[in-house]
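Go by the hints and put chain Y onto chain V.
Chains as they are written, first to last, in the working numbering: chain V, 5 to 427; chain Y, 5 to 427.
Among the hints, a few may not be true.
When chains are identical, the list treats them as one kind, so a pair holds in a single copy or across two.
[As the list claims (entries may be wrong)] In silico DSS-like pairs for lysine-lysine, Cα to Cα no more than 30 Å straight-line:
#, residue 1, residue 2
1, K416, K369
2, K218, K416
3, K34, K6
4, K10, K421
5, K424, K174
6, K399, K171
7, K174, K163
8, K406, K416
9, K369, K82
10, K406, K10
11, K26, K418
12, K369, K174
13, K262, K6
14, K218, K424
15, K416, K10
16, K82, K421
17, K369, K421
18, K138, K406
19, K82, K424
20, K369, K406
21, K421, K6
22, K54, K369
The hints are simulated quantities; they were obtained by calculation from the structure and are not laboratory data. Here the structure is a predicted model, which means the values were calculated and not measured.
Protein chains: 2
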Amino acid sequence: MKTLIKNAILLDMVGETPNIRKTDILVNDKIIEKIESKIDENADEVIDAKEMIVMPGLVNTHTHLAMSIFRGYKDDRKLMDWLENAIFPVEDKLRPADIYWNSLLSCIELIKSGTTTFNDMYFRMDKTIEAVEKSGMRGVISWCITDDSIKDKPEMTRKYFNKYNYKDSKIKVYVSAHAPYSCNPETLKLCVDLAKELNTGIHIHLSETMDEEKTIRERYEQSATEYLNDVELFDVPVVLAHGIYISDSDLEIIKNIKGGISHNPISNCKLSSGICNVTKLRENGINVGIGTDGIGSTTTLDMFEEMKMAAYLQKVNTMEPTSINAYQILKMATIEGAKVLGLENEIGTIEVGKKADIILIDNNKTHLYPENDICANLVYSANGADVDTVIIDGKVVMRDRKILGIDEDEVKEKVDKIVKRLL
Amino acid sequence: MKTLIKNAILLDMVGETPNIRKTDILVNDKIIEKIESKIDENADEVIDAKEMIVMPGLVNTHTHLAMSIFRGYKDDRKLMDWLENAIFPVEDKLRPADIYWNSLLSCIELIKSGTTTFNDMYFRMDKTIEAVEKSGMRGVISWCITDDSIKDKPEMTRKYFNKYNYKDSKIKVYVSAHAPYSCNPETLKLCVDLAKELNTGIHIHLSETMDEEKTIRERYEQSATEYLNDVELFDVPVVLAHGIYISDSDLEIIKNIKGGISHNPISNCKLSSGICNVTKLRENGINVGIGTDGIGSTTTLDMFEEMKMAAYLQKVNTMEPTSINAYQILKMATIEGAKVLGLENEIGTIEVGKKADIILIDNNKTHLYPENDICANLVYSANGADVDTVIIDGKVVMRDRKILGIDEDEVKEKVDKIVKRLL
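Chain V with its partners taken away, still in its complex shape (with noise of 0.2 Å):
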């Protein structure tokens, strides 16, 4: 199967700063083959991409799928009132069909506003795994531990690593450690060395809130980044979820650490928890990606709101408008959130080789015009209906902002009813 995309506006994000050009790109099975000015070649289906701004796939590199039918649910309280009398009692009602649908609602939302990959850490994720496999989305896998849930979440890790450990596989199964104030130290070590068996990476919450830093630090005399060095956390590759309290000790530790911090700006704002000082961690040579959290607490999982807002934050709250620029953030929602899931050698840029995970954004619209800054158009006026086309593992999945092989209808029908049995 070959597609051929004719007259793209390229921004390939491979450069240190932007590479926008006018070219063709020819797709191979699910690899970029060719990108050339002109390409002349037969292709099973040819997608005129004139007005059209070709770039990688968002990175979404921290959420919770099957929290869909949450959106707006009790919104606008307390972080602990919410949890406790919202979320948590609906959570214990859920039953496995119910993650399945939940799931395929959240990856139909993905793919139109334009993220390709996902980072999910949450349970029964062999029905996330269903509804990721029937979106076509590409997606890193955890079942969620805590002291309290145990129970045989390890063997269902180790079983859906092994059964999607083959090359090329779009699902990735990583070890989730659920954060430091409700693993114990047994249970962290577990997890490690469960990770380090399978030899993959771990997904856990850190530094969230002040309050989480306050816990650890009565608990264990030590903040939460040195309680997990302390249990050799770090010596397997992490997705570090929110990270807003790490101090300048902390840093010195995160400096080293394989894989990175998932920023999630809307959910810290909504919440209340606090923002991250991305900008430091960036000049630490720290891997930083974006994610959106649950649909729970943000309410959206648009990324390029999650961009405007990581943009906005770091300038406001720096008091200096250079911290970050447009293209930095573009980065950080593509080939940094790869880098930061440890998939930077198979996607988050366009180059030959490289997976063909692909978006096409109409750039023929009038609040993307005039165009004296592409970069910027994309971060700070674009939003995620702007996305005309979505391919993945060189697969179309979203056309003219249709998403095929996939009954949108019947899903909404399907989280209705799950929504009105619960909610």
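Structure of chain Y alone, referenced to chain V:
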């Protein structure tokens, strides 16, 4: 001319809490004549609003329409570097016809993202008015006065005030004093006298940056607010744009103003100006509307983006998620914005007798599903592209996202020529 909107999901924005109901709405000429569950009446146009949220048009309380060509232009810079090396040299070269086309481009973007009323301060506003009349929008217009550019502006203000000072006029003319740091007491006194003479209001920037407060204190040994109070500027209705560095003693003055404050969250972040304490202003009974500022600083005129940002910033700045909720944000963007502009008797809610400034939002989108909380969905998940139909002063100006009566391609071509000549 009668327009009947059938089967609407109406969010009228009248009460202190959301009132959402299924209903029909009859518009007679410029006015909302009837809101009833079933209206059987002959109308010239019937709009089926099934699966549409119907709400008042958004009110943008501070912008500079003619700056549309600066979208993304020399972006991500320090404020003074950007102003002195990017914006000012080009502004000096803007021709009257440029102001027309640039303003018309902004009107298109505003309408396409659901804004029906704006408040603009710039120069050659006669040309902006032409564009606004072409677009069908409602607006408050003012000729920006500084010490260095008084010239014919009082005369133009007087002339156009009289021209548009008739019943049911969609154009309202204000006096504009640029800012405390660019207007000495004599200039401000001239503005106050002119506003009193015409019985109109004053549009002014106030406390946008810390530097501005410092400058005023060095110059007049008082705060910017005290300085304006001393020249009796608050004798007339005012729109105070930004209002970031307002002290507790300033608050005592501002509590008593007519009009209100225009909060511009994206501009304030993007230029690293700071965060306005909207929560505190509202607790003190001050009207706070939302504004986009010019495209130069925000890169977008989409009020849905500003609503998100206004909510996120308050929640993270106060570290209290309950500091503001989605409905309060929607009020700021509609009826409270109308109050800031002194238009609350005409627009800002959907009520019988009010002007028909109405937007229809397509609720049949995956990212607005499920509907646990329509207000949360509108603020945290919707964006301008979800606006389907826009009615201003009883006239349909956008239908199925197509702007009526303006050739969008012509506007882009004209602006393109201006961009090529100047940037």
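When Cα atoms must be at most 30 Å apart, do K421 and K6 count as within-copy, between-copy, both, or neither?
Answer is neither: 40 Å inside a copy and 40 Å across each miss the 30 Å cutoff.
Within, between, both or neither: how does the pair K26, K418 come out at a Cα-Cα threshold of 30 Å?
between (43 Å within a copy, 24 Å between copies)
Next item on the list: Classify it for me, K424 with K174: is the Cα-Cα distance of at most 30 Å met within a copy, between copies, both or neither?
Entry: neither (33 Å within a copy, 45 Å between copies)
*State whether the alpha carbon distance between K138 and K406 is at most 30 Å within one copy, between copies, both, or neither.*
For K138 and K406, only the intra-copy Cα distance (15 Å) is at most 30 Å; the inter-copy one is 35 Å.
Exercise. Should K406 paired with K10 be assigned to within, between, both, or neither, using CA atoms and 30 Å as the limit?
Worked result: For K406 and K10, the Cα distance is within 30 Å both inside one copy (20 Å) and across copies (28 Å).
| message | Reference check for the pair K218 and K424, CA-CA at most 30 Å: within, between, both, or neither? | response | neither (39 Å within a copy, 57 Å between copies)
For K82 vs K424, is the C-alpha pair at or below 30 Å within one copy, between two copies, both, or neither?
Within one copy, since 25 Å is at most 30 Å while 51 Å is not.
- Within a copy, between copies, both or neither: where do K10 and K421 come within 30 Å Cα-Cα? between (43 Å within a copy, 27 Å between copies)
Alpha-carbon proximity context of K54 and K369, limit 30 Å | both (13 Å within a copy, 26 Å between copies)
Same-copy or cross-copy closeness of K399 to K171 [CA-CA at most 30 Å]: within (17 Å within a copy, 60 Å between copies)
Item to complete: Evaluate K174 and K163 at a C-alpha cut-off of 30 Å and name the case that applies: within, between, both or neither.
Response: Classified as within; 16 Å inside a copy, 67 Å across copies.
My question is about K369 and K82: at a cut-off of 30 Å on alpha-carbon distance, are they close within one copy, between copies, both, or neither? between (39 Å within a copy, 28 Å between copies)
Hint compliance for this structure: hints 2, 5, 13, 14, 21 are broken, all remaining hints hold.
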